[in-house]
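K.L.:
Protein chains in written order, with this note's numbering: chain A, 1 to 373; chain B, 1001 to 1373.
Derived from the structure by calculation, the hints contain no laboratory data. Note that beta-carbon positions come from the ideal geometry of N, C-alpha and C, so glycine has one too. Among the hints, erroneous ones may be present.
Claimed, not checked - Under 8 Å between C-beta atoms, here's a sample of chain A residues computed to sit facing chain B:
1. Tyr127
2. Glu130
3. Met131
4. Val255
5. Pro256
6. Gly257
7. Ser258
8. Ile259
9. Leu260
10. Asn268
11. Ile271
12. Gln272
13. Leu277
14. Arg279
Protein chains: 2
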Amino acid sequence: MDTLRDMLRLMLVPGLGTVRLTRLLDTFGSAAGVLKADFEELARVKGISGPVLQALARKHWNDSEVERQLEVLETIGARPVYRWQNEYPVYLAQLYDAPSLLFVRGKVEHLNRPCLAVVGTRGPSLYGREMVRKLSEGLAAAGFTIVSGLARGIDSLAHVAALDAGGTTVAVLGCGADRIYPAENQKLAERIIEQGCLVSEYLMGTPPEGKNFPRRNRILSGISLGALVVEAGATSGALITANLALEQNREVLAVPGSILSPASQGTNRLIQEGAKLVRDYRDILEELNLGAVAQQIEMKEILPASDTESLLLKQLTTEPVHIDEVCRSSGLPVSTVSSTLAMMELKGLVKSTGNMQYVLAREARQEYRVKVD
Amino acid sequence: MDTLRDMLRLMLVPGLGTVRLTRLLDTFGSAAGVLKADFEELARVKGISGPVLQALARKHWNDSEVERQLEVLETIGARPVYRWQNEYPVYLAQLYDAPSLLFVRGKVEHLNRPCLAVVGTRGPSLYGREMVRKLSEGLAAAGFTIVSGLARGIDSLAHVAALDAGGTTVAVLGCGADRIYPAENQKLAERIIEQGCLVSEYLMGTPPEGKNFPRRNRILSGISLGALVVEAGATSGALITANLALEQNREVLAVPGSILSPASQGTNRLIQEGAKLVRDYRDILEELNLGAVAQQIEMKEILPASDTESLLLKQLTTEPVHIDEVCRSSGLPVSTVSSTLAMMELKGLVKSTGNMQYVLAREARQEYRVKVD
Chain A
1 MDTLRDMLRL
11 MLVPGLGTVR
21 LTRLLDTFGS
31 AAGVLKADFE
41 ELARVKGISG
51 PVLQALARKH
61 WNDSEVERQL
71 EVLETIGARP
81 VYRWQNEYPV
91 YLAQLYDAPS
101 LLFVRGKVEH
111 LNRPCLAVVG
121 TRGPSLYGRE
131 MVRKLSEGLA
141 AAGFTIVSGL
151 ARGIDSLAHV
161 AALDAGGTTV
171 AVLGCGADRI
181 YPAENQKLAE
191 RIIEQGCLVS
201 EYLMGTPPEG
211 KNFPRRNRIL
221 SGISLGALVV
231 EAGATSGALI
241 TANLALEQNR
251 EVLAVPGSIL
261 SPASQGTNRL
271 IQEGAKLVRD
281 YRDILEELNL
291 GAVAQQIEMK
301 EILPASDTES
311 LLLKQLTTEP
321 VHIDEVCRSS
331 GLPVSTVSST
341 LAMMELKGLV
351 KSTGNMQYVL
361 AREARQEYRV
371 KVD
Chain B
1001 MDTLRDMLRL
1011 MLVPGLGTVR
1021 LTRLLDTFGS
1031 AAGVLKADFE
1041 ELARVKGISG
1051 PVLQALARKH
1061 WNDSEVERQL
1071 EVLETIGARP
1081 VYRWQNEYPV
1091 YLAQLYDAPS
1101 LLFVRGKVEH
1111 LNRPCLAVVG
1121 TRGPSLYGRE
1131 MVRKLSEGLA
1141 AAGFTIVSGL
1151 ARGIDSLAHV
1161 AALDAGGTTV
1171 AVLGCGADRI
1181 YPAENQKLAE
1191 RIIEQGCLVS
1201 EYLMGTPPEG
1211 KNFPRRNRIL
1221 SGISLGALVV
1231 EAGATSGALI
1241 TANLALEQNR
1251 EVLAVPGSIL
1261 SPASQGTNRL
1271 IQEGAKLVRD
1281 YRDILEELNL
1291 GAVAQQIEMK
1301 EILPASDTES
1311 LLLKQLTTEP
1321 VHIDEVCRSS
1331 GLPVSTVSST
1341 LAMMELKGLV
1351 KSTGNMQYVL
1361 AREARQEYRV
1371 KVD
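Assemble the whole structure, with the sequences as input and the hints as a guide.
P.N.:
And the structure:
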């Protein structure tokens, strides 16, 4: 709680952005360390100067707002996830501009399952509506967490398809975690909190302003192994996500469409520029080098792919085992264990039972079987 | 006429195919040389043995059929074009299995203009019909000769669009040049003979058998800089053309379409496997490294791109000059002159006036201007 209070104090310093906050935390070791630092120490940190330096050195924290933030967080049941925690999304943590703190409502553990961003236009055609449903269902059934932005159109449809397929989904918000935008998605947001989670880097009460969405998109793709653009007009915001995904070294995948359809202008151009054309969700497994997995799943001959996987399999039973216990018994670092288990879950070898606990998935394997059309 | 008679004698030897005929011609220097060769000389040629060797050595030519062939050729106004002639398509001549003789009805000179194969399903959707028209019109107006197979569907529509745009088109047949298949394309074939040409490697009277079409397709792509597949089902013959084009080191281009459209299954898969996605005919100019050309044409600032082009420009006037004269005055070999003039024609620098004669195209440039939608 102290950490959260300290982090909120820092996040409320006007003008102190993500990258400089990370630099301060890295320099002084913790939020408390930053709060204690004096003018001279602070001034030595690259980029800390002017009003931000003054504000940090003067230590006039906005504690009334900090308390208000804590109240709202408690009311909505959001929990903080710090960059230095295991629960923080592994891939997102690699980004230089990853937020130091995420506010999460729902099941945090889904952030470290294999994620795929599914995005697109707010005004899809009938074709787009059908394709996002088919692909998201297939991906969710194959074990992917579907990540999107809770926007109208393709985003919402991707969330719904994942939920309907009994899969999991993550919505990354461009506003505070206490606000649902657009309002019509209130019911959907509640379902997502049940079966997945809502994620935001913004303080409570932050309105869904236009400038937030491109920033939000970097988290969307940052969490994910790749970004699938289902339909996008020539100037769709989904193209921003695709570009960010490329910058982040993620796979970019797109659904082709008629040249005459405005909603496929952006996706066709992406393919022309090198995005992978997707005809089927299995193309995506293939493209992410999970093709062998899909095949194995179809053949129902699931074998561990590495020594690490073999070792971890031996630590698990049909009763839930906590990830800390797996680390202890295997002697492997928690980072290795969590990422390996996530991949093993995708392959249908193990199954998360929540609260960082895992079981062998031999009996549960059916859920991960790839459906053949 | 003697050469043609001798070639027909050889082509009528049962079992003697294209590649071995070429080898014989290369070995003995001419058709007459092959006819005179004795058993021992013939037996030394790789692949010449068994019944073919016997037939060649025995020299029992089917001269009645030769005379019949000559009659039909004269009746339909077809002319022979030999591999060793300048009129023979430059790109086709590079293939190991290029026919030694083509029968051509119409304007032979179009075979050495920049050609693009436009192919696709015999059963196009409304989308395919619209796309083949738009793309073929644009390409024809930009100076390309549209090459296709006179089949129903995409092929016929490509020919028609090129003709309607005032461009030129070449139909490569899978039967004798005296037969039009399908019969419903009789009128179209007549238009093609007027504004372009019909080409076949088959003897007169050869029926349009299934086995001929894959072979025909190698000529279709072999003449061309690339092959554009507009619409193709999962098992369309157009995919054979695409594969041949790849083997021949030609560009393969395809129009994307809805994943749900059967007629786009093949084209989407081609793109997935590396074919270039085409949204617009200018994409094709770009892909064939003629993008700069298109831009130059749009800017109406046409400049020679090389010393060869500059030199050739100096030999030309607004009065037609024969290509032999250009060779003599420039001191360049005919192969260089003909291929350079073909490219210059695409760029709108020069214009063919038929009969291997060229003029400067300064005044005529408008015809080559790229239309902007």
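K.L.:
Of the hints given before, which are not true for this structure?
P.N.:
Hints that this structure does not satisfy do not exist here, as all of them hold.
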